[in-house]
Amino acid sequence: MDFLIFKAPMLMVQASLDGILLGILFALIAYGMALQWGVMNIINIAQGDLVILGGYIAYTMYLAGIHPAWGVIVSPIIMYFVGWALYKLVINKVVDRDLFISILATFGIAIVFQQLMNFIFGADVVVAQSEYGTTMLFDNSVTLPNSKIFSAFISVLYAIGLVIYMKKSRLGRAIRATAQNARAAKILGVDTEKVYAATFGINAALCGIAGALISITLTLHPYVGLPYTVRSFMIVIVAGLGNLPAVAVSGMGLGLFEEFADYILGTEFRIGAVFMLLVFILVYRRFKLSKKREYLK
Amino acid sequence: MVKVKQKDLVLYSGLIILGLAAPFLFSAFKVQLTYLCVLIVLAMTWNLQGGEMGYNSFGNILFYGLGMYLTASVQVGMFFPLAEWTESGGEKTFVHTTAQYFQGIGVGLLVAAIIPTIVAGAIGYAILGLRGHYFAICTLGLGIAAGEIAGGIEIIGAGQGFTTPPFPAEIVDPEARGKFFYFLSFIVLVLAFVFVKYIYGSRFRLILNAIRDNEDKAEAMGIQTMKYKIVGWMCSAFFCGLAGGIMGGLIGYIDSTDVAFDGREMGVFMVLMAILGGKGTLWGPIIGATLFHFFKEGLWTFILGWQYVALGVLIVVIVVYFPEGLMGWLREKYPERFGEVIDDKDRKAQVELK
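One line per chain: the protein sequences are A and B, in this order.
Quick note on numbering: our numbering labels position 68 of the first sequence as 68, and the sequence is numbered without any gaps.
Quick note on numbering: our numbering labels position 44 of the second sequence as 44, and the sequence is numbered without any gaps.
Please note that a few of the clues may not be correct.
Here are the computed lysine-lysine pairs in the DSSO-like style, where the Cα-Cα straight-line distance is at most 27 Å [what the hints assert, rightly or not]:
1. A/LYS88 x A/LYS194
2. B/LYS179 x B/LYS227
3. B/LYS296 x A/LYS93
4. A/LYS7 x A/LYS186
5. A/LYS288 x B/LYS227
6. B/LYS217 x A/LYS297
7. A/LYS167 x A/LYS194
8. A/LYS297 x B/LYS296
9. A/LYS93 x B/LYS333
10. A/LYS168 x A/LYS194
11. B/LYS197 x A/LYS292
12. A/LYS288 x B/LYS217
13. B/LYS217 x A/LYS291
14. A/LYS291 x B/LYS227
15. A/LYS292 x B/LYS296
16. B/LYS179 x B/LYS5
In case anyone wonders, no lab produced these hints; they're calculated from the structure.
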């Protein structure tokens with residue numbers, strides 16, 4: 001335990017800014033999860049591994065000499081097809097089934113992804129250098145890597161783009177219709193199978209963007225996918241499905257929590273704190289609902 | 001207590017004789033046999049609340065890891081300062097005598113059985129109020145959080161791990177260690193089987209099944225569901241703790257995320273084995289665990305490096321194509337053998353509906 005952060009206001013500013021910028025990134029991943037959860041009613045444990053895969057695509061570009069920031073355009077395109085293929089191979093068989101089956105099946109996918117990434121990209125912790133430099137604030141007492149600002153900006157840009165796309169385009173409307181009532185949408189001529197595949201693809205593409213941004217702001221490692229899954233799951237259960245402002249706010253809240261936990265508990269307990277927070281949020285909501293004799297659905 | 005039929009008596013005595021003779025028959029595979037016993041115990045007790053109660057937990061690994069750390073800590077802490085042991089290769093400075101070793105592991109296993117049970121009871125009220133996938137994800141988080149937190153605690157070795165006391169050097173017989181751990185796990189297996197068998201013949205199982213099938217209705221019928229859910233989970237925790245304690249001694253080294261709170265391997269294995277054999281049956285998890293172990297050991301040496309890929313694919317295939325498991329498939333095929341009477345008219349009607 002270390003409460004230095006509460007004595008030094010500059011550390012507090014540093015942690016808050018870091019947390020908020022990080023949180024925007026988490027919100028982007030969570031939005032993808034909310035989308036596919038709402039539309040297809042599956043929980044994708046492999047979400048975090050899709051993120052990491054997207055990151056490795058950007059990292060590969062970096063190794064090939066291309067600036068990794070271009071990854072935010074290339075990675076979602078590749079990831080869309082990865083997601084689409086994944087849907088056709090496995091996910092379409094678990095859509096209408098029990099949620100537990102989708103959890104286990106995607107858990108299996110997650111293991112496969114982790115191991116394949118381990119083979120292809122190696123087990124080292126890697127980072128793609130964006131060489132954007134840092135911004136110094138408040139007399140150089142707060143340092144802010146420009147890559148983080150860039151990543152938050154891109155996340156917001158893509159999120160806005162996606163919201164407009166979902167509102168205006170034909171596919172977006174079909175997706176929303178399917179989310180409301182899959183059967184009615186089918187009757188009215190929506191090809192739900194196609195909609196599901198597209199939804200999963202869009203989700204994977206969002207993961208790809210987030211991954212590319214993570215590759216320049218944070219670090220990549222084949223086995224760090226699960227914390228991203230849990231973070232996005234947490235954001236979704238706090239914010240609810242299909243509520244983008246709430247997703248953004250709770251994403252930032254989670255980012256803040258993590259940065260403060262990092263300072264107070266120490267870096268070795270950071271991931272542990274995230275998982276414990278998940279447990280506490282679920283238990284808190286369970287007690288709150290049980291007063292009304294209800295339970296989380 | 002447990003009523004045993006004449007036919008079953010032959011089967012059980014046969015199995016027990018086989019179990020007792022196994023380390024002598026397959027002398028080279030004692031460690032594998034111990035693993036098998038532990039896997040069966042884990043699958044069987046997971047099935048108790050995953051299959052019978054319908055609460056699919058990814059978090060039983062929590063009790064397993066807890067049991068592992070507790071056994072080792074007690075075994076060391078009873079005789080030597082724990083902090084110095086874990087700090088820098090303490091196993092070289094401090095040496096357990098034979099009596100100390102066995103006393104230590106005995107008390108350690110006792111603690112490893114009791115504390116996880118209490119933990120399950122303590123957190124049960126909060127966690128078991130969640131249902132379905134929320135419960136699954138919550139327990140998944142719990143298991144991983146435990147691993148991450150254990151990896152940051154200095155006194156149990158933190159990230160560098162914890163070496164459990166080595167088998168006393170005074171015992172010269174090289175076979176002794178393998179036999180000791182095998183029989184230990186076999187005793188736990190028999191205990192677990194008798195216990196689960198007893199539950200299968202009791203009212204308790206019917207209550208668990210009622211909770212699985214429709215919890216609200218079970219509650220409306222006047223069953224205090226929460227009480228039974230907690231007891232069900234505590235039963236699992238008891239045996240998970242014991243299994244973890246044995247595995248800690250057998251492996252000889254405890255790492256926070258790769259051995260103890262190993263959600264990626266053991267935590268998934270127990271779910272997978274129960275599903276492979278058939279959830280909600282007495283023999284399903286046993287058959288599933290045995291098949292899985294043979295598959296794993298037989299195949300993994302040939303595909304070294306690719307075993308996790310194979311494991312992931314296996315999970316997907318089993319879950320997507322055989323969610324009912326082996327016993328479920330047999331039940332579908334030969335319902336009469338499971339004591340189900342099916343009316344011919346009913347069957348025809350079912351076919352027509354399809």
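Taking the hints in turn, this is what the structure says about them:
1. A/LYS88 x A/LYS194: holds (10 Å)
2. B/LYS179 x B/LYS227: violated (39 Å)
3. B/LYS296 x A/LYS93: holds (26 Å)
4. A/LYS7 x A/LYS186: At roughly 59 Å apart (the allowed maximum being 27 Å), A/LYS186 and A/LYS7 break the hint.
5. A/LYS288 x B/LYS227: Roughly 20 Å between the alpha carbons, so the hint for A/LYS288 and B/LYS227 holds.
6. B/LYS217 x A/LYS297: holds (17 Å)
7. A/LYS167 x A/LYS194: Distance ~18 Å between A/LYS167 and A/LYS194 Cα, so the pair holds.
8. A/LYS297 x B/LYS296: With a Cα-Cα distance of about 37 Å, the restraint between A/LYS297 and B/LYS296 is violated, given a limit of 27 Å.
9. A/LYS93 x B/LYS333: holds (23 Å)
10. A/LYS168 x A/LYS194: Roughly 18 Å between the alpha carbons, so the hint for A/LYS168 and A/LYS194 holds.
11. B/LYS197 x A/LYS292: Given pair B/LYS197, A/LYS292 is violated - Cα atoms ~38 Å apart, limit 27 Å.
12. A/LYS288 x B/LYS217: holds (22 Å)
13. B/LYS217 x A/LYS291: Since the Cα atoms of B/LYS217 and A/LYS291 sit roughly 19 Å apart, the hinted pair holds (cutoff 27 Å).
14. A/LYS291 x B/LYS227: Holds: A/LYS291 and B/LYS227 sit about 18 Å apart, inside 27 Å.
15. A/LYS292 x B/LYS296: violated (47 Å)
16. B/LYS179 x B/LYS5: violated (31 Å)
In terms of the numbered hints stated before, the structure departs from hints 2, 4, 8, 11, 15 and 16, listed from lowest to highest.
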